[in-house]
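**Q** Sequence:
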Amino acid sequence: MKQKRLQLDEEERQLLQDFERGEFESLKNFRHEKRQLEAAAKETLQKRKRINIRISARDLEQLQKRAVAEGMPYQTLIASTLHKFVTGQLKETKPATKGSR
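Taking numbering that gives the first Met the number 0, the leading residue of the sequence shown gets 0, the next gets one more, and so forth.
Treat the hints with care, as some may be off.
[What the hints assert, rightly or not] Subject to a maximum C-alpha distance of 25 Å in a straight line, what follows is the list of computed SDA-like cross-link-like pairs (lysine to any residue):
1. K93 <-> R65
2. K93 <-> A66
3. K83 <-> I50
4. K48 <-> A66
5. K46 <-> F84
6. K83 <-> P94
7. K41 <-> R30
[To be verified] Taking CB as the label site, the calculated pair distances span:
8. H31 <-> P94: 54 to 60 Å
9. P72 <-> R20: 55 to 61 Å
10. G70 <-> K41: 28 to 34 Å
11. R57 <-> A78: 16 to 22 Å
12. K90 <-> L5: 40 to 46 Å
13. E11 <-> A68: 52 to 58 Å
14. L59 <-> H31: 47 to 53 Å
Note that these hints are calculated values from the structure, not bench results.
Glycine included, C-beta positions come from ideal geometry on N, C-alpha and C.
Work out the full structure: start from the sequences and follow the hints.
**A** Given below as structure tokens:
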């Protein structure tokens with residue numbers, strides 16, 4: 000049966016050539032290394048980052064009032080709202096104009 004030749008990009012061709020020349024070494028403790036890298040990747044994805052933003056005092060007051068009404072800290076409300084927006088769960092709505100009723 001005839002094998003199909005894959006189209007490789009430059010980086011893939013270089014990796015294949017290096018592999019064929021025996022330039023790669025097996026890790027002595029592959030499973031341990033793999034678990035460590037997986038744990039680091041998972042931690043990186045779950046890490047929270049601190050940001051600073053400037054908003055008007057009035058907007059901050061409104062956020063704080065809304066957070067009290069929702070029963071949560073205002074930072075949590077902001078983070079939750081941003082998360083919903085970036086994941087597509089929160090959609091922007093356009094205010095109705097005077098003539099559109």
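**Q** For each hint, tell me whether it holds in the structure or not.
**A** Quick rundown of the hints versus the structure:
1. K93 <-> R65: Within the cut-off at roughly 21 Å; holds.
2. K93 <-> A66: The hint holds at about 23 Å.
3. K83 <-> I50: holds (17 Å)
4. K48 <-> A66: Holds, at about 21 Å.
5. K46 <-> F84: holds (19 Å)
6. K83 <-> P94: At roughly 20 Å apart (the allowed maximum being 25 Å), P94 and K83 satisfy the hint.
7. K41 <-> R30: holds (16 Å)
8. H31 <-> P94: 54 to 60 Å: holds (57 Å)
9. P72 <-> R20: 55 to 61 Å: Since P72 and R20 have Cβ atoms about 58 Å apart, the given range 55 to 61 Å holds.
10. G70 <-> K41: 28 to 34 Å: Given range 28 to 34 Å: holds, Cβ gap about 31 Å.
11. R57 <-> A78: 16 to 22 Å: Once the Cβ atoms are compared, 20 Å apart, the range 16 to 22 Å for A78 and R57 holds.
12. K90 <-> L5: 40 to 46 Å: Since the Cβ atoms of K90 and L5 sit about 42 Å apart, the hinted range of 40 to 46 Å holds.
13. E11 <-> A68: 52 to 58 Å: Check passed, 55 Å falls within 52 to 58 Å.
14. L59 <-> H31: 47 to 53 Å: holds (48 Å)
In summary, this structure violates none of the numbered hints.
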